[in-house]
Amino acid sequence: MTLLQERARTAETGQRRGIRRNGSLTPYLFLLPYSLLFGTFMLVPAVYGLWISLHDWDYLLPGKPFVGLDNYRALFDPGSAVYEYFWQSMSATGVFTVASVPLLLTVPLAVALLLNRSFPGRTFFRAVYFAPYVLGVAVIGVLWRFVLDPNLGAVNALLGTNTPWTTDLPWAWVSLVGVTVWWTLGFNAVIYLAGLQDIPRELYEAARIDGGGRWAEFRHVTLPGLRPVLLFVVINTVLQAANMFGQSYLITQGAPGVETRTAIMYIAQTGLRDFKMGSAAAMSYLLTLALLAVSLIIFRVFRSRED
Amino acid sequence: MNTQLSRRGVLALGAGAGGAVLLGACGDSGPSDKVTGAGRSAGPAATAYTGPNVALAFWNGFTGGDGDYMKRLIDQFNTEHANIKVAMNVYQWVDYYQKVPAAVSSGNGPDLGIMHVDSLATNAARGIVLPLDDLAASLNLTEAAFSPPVWQAGVYRDRRYGIPLDVHPLGLFWNKSVLERAGLDPEKPPATGDDYLAALDKLKSAGIEGSWATPFQFTGSLWFQSLLWQFGGDLFDTGAQKATFAQDPGVQALTWYTDLVRKGYSPRNVAQDADLVALRNGRNAFNWNGIWTVNTLAQDKSLKWGAAPVPQIGTQKAVWAGSHQFVQFKQGSRNDDKLTAGKVFINWISQKSLEWAKGGQVPARKDVRDSAEFQALPEQAALATQIDYVHYPPSVAGIGDALNTVVTAVNEAVLLRKEPARALSDAAAKADQILEQNRKKYGG
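Chains as they are written, first to last, in our numbering: chain A, 16 to 322; chain B, 634 to 1077.
Mixed in with the good hints there might be a few duds.
Calculated cross-link-like contacts (lysine-lysine; reagent style DSS-like; alpha-carbon spacing at most 25 Å) [what the hints assert, rightly or not]:
#, chain 1, residue 1, chain 2, residue 2
1, B, Lys837, B, Lys821
2, B, Lys875, B, Lys896
3, B, Lys985, B, Lys950
4, B, Lys999, B, Lys985
5, B, Lys732, A, Lys79
6, B, Lys1073, A, Lys79
7, B, Lys718, A, Lys79
8, B, Lys875, B, Lys950
9, B, Lys732, B, Lys963
FYI, nobody ran anything at the bench for these hints, they're computed from the structure.
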């Protein structure tokens, strides 16, 4: 024991000496590559975006008049051109998030629990559930637009109905959420599966010896065991849902009216199609703040549970 | 199909400057004299080029069958002109309208390109395309050689930025077998509003919803715009100060269009492209669609179909059209040889536009339209008869932003979520605000 401690100590001092010899720069040199990428692609654009949001900005026009907080004020002024559209798009994003996140947390968990049991063909089914996730949004968008077509689509033909899957509410939301769950559940399922395989078998045995049933096993062993991955899954799913763009863009085109046009879709249109980048940047910052707040709340909830 | 998809993509995302925020630092341009070279952008004559060898980059969005026609023309041009080498790059239109401004602002833009008429003013205002007045002058190109609407569409603030290549109007497409099934003459499409409704009634009694009305931009809002002009209205007032599409003619037009659904001539909730698919499946009889549909339907060998000018529903003849126009892009450093060679190219292709018309277009040039060879293309020639009453959106920078409110209004009305008058007045209020924003932004 003393020998080990001794060794540890020498190792430690040796290390210190090494750093001193190579200069105190060493840790920063290690950080440099990442900071360079982070700075170029995250930090600088973020700050630059803040600067843009204070201007009437079109990168090709010579004049980019400074307008102070006008772009932000317009977002809170019911009489402005952007107010109604912007909050409409924010609420569309909200509806989608609230409707899809619970499903994207529970359905993949159920799938993961099933796929974690041993049965013949397990690997095949694991692949099947993950498969849609490898498709691009353009593929699944066009595919489902045809399948869900209210008058000519396969779904209505099979059901013998003429439900307006893509052109009326609430059906458009049902479609968008359904398609998204089908498309992305594989990702969360894989994360859950990894989490499940980290839970020690002995805990299940102990639970069984204590006379716990399946529900008790799930409630007292599986769920607590998944806590480490749960925070990641929740945050990631919420952010993904809040960034929804392609499904609405391709399947419903924002219809009916602009009711399924999400915040990201409206921001992209304002900034990249109408070239009102100042206004679009201001919207992005509001959306970022909202997501930051939601993320903080989620962190809080998880922390208080841990305490 | 491809043309239609890509064309839709353009209007859907519009002319976007994708992810070019970081490039913003390089953008010092604008429609100033510095940019446009204060007048002529190259030497006078452009019918021949005798300078040293030059290579020209020509970008466009002809991703469908139309790209092959253009490619063939370019190959022919390259063989005939030893000292000019044109290389074509094709992008999806929606990507194209994002890439070009970014490329031009960094000084690496292509020499030549194509722009849709409704994107021209915006790109001129943003200093991306160069004036071509001298080209028109040196080639003696005049309004009479084209047709007034399409010739005027290339002008922004008294300067010409586009040389018209083609016109793509809406037309009436119909399924002959479906008409026969309902006891209608398959060779005689309706030409007036009364004829149209009479035909629809007959189809209805045969159990066919004969005129599917799509709520989407392609081609629902184009159909609405055609009707608006037919009823004597317009989208905007002179100079695009205010939206006028919510006035009486607009309400009449949109009411007529939504009545197709209300009166059972069209199913509710028609999804994107379902109208045309239904026509091909024999479930829809009539479809107002772009001339590019000629290509799509021609591939369907078993389908019996026809194309005619759109019926006159309102008090006058009118129809929506788009137009591809040649443009020259601003360069990092000016090269007069390239500019001249580019003009030779534009002039040459424009004279050869008969080949181009075979891909599902109406040539912009009158002499080509009048040629026997063009008249031998039955569908194209039929739709070309509309050339003198085609309408375009006004040549105002950022007009597409305001037009998107029309798309929304048509969508809400056809899906029966708002009364036509209400949908239009809501949209017009929005459009007025957007027009005002744009006046501030682009000046004027």
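Hinted pair Lys837/B and Lys821/B, Cα distance within 25 Å: Distance of about 18 Å is within 25 Å: holds.
Distance restraint between Lys732/B and Lys79/A, which requires alpha-carbon spacing of 25 Å or less: holds, 21 Å
Given hint Lys896/B paired with Lys875/B - CA-CA distance at most 25 Å: Roughly 33 Å between the alpha carbons, so the hint for Lys875/B and Lys896/B is violated.
Given pair status - Lys985/B, Lys999/B, alpha carbons within 25 Å: holds, 12 Å
Proposed proximity, Lys79/A with Lys1073/B (alpha carbon, max 25 Å): holds, 11 Å
Given hint Lys950/B paired with Lys985/B - CA-CA distance at most 25 Å: Violated, because 30 Å separates the two Cα atoms, which is more than 25 Å.
Hint consistency between Lys732/B and Lys963/B [alpha-carbon to alpha-carbon, up to 25 Å]: Measuring from Cα to Cα gives roughly 14 Å; hence the hint holds.
Restraint check for Lys875/B with Lys950/B, where alpha carbons must lie at most 25 Å apart: Judged against 25 Å, a Cα distance of about 24 Å means the pair holds.
Proposed proximity, Lys79/A with Lys718/B (alpha carbon, max 25 Å): violated, 39 Å
Violated hints, listed in ascending order, are 2, 3, 7; each of the other numbered hints is respected by the structure.
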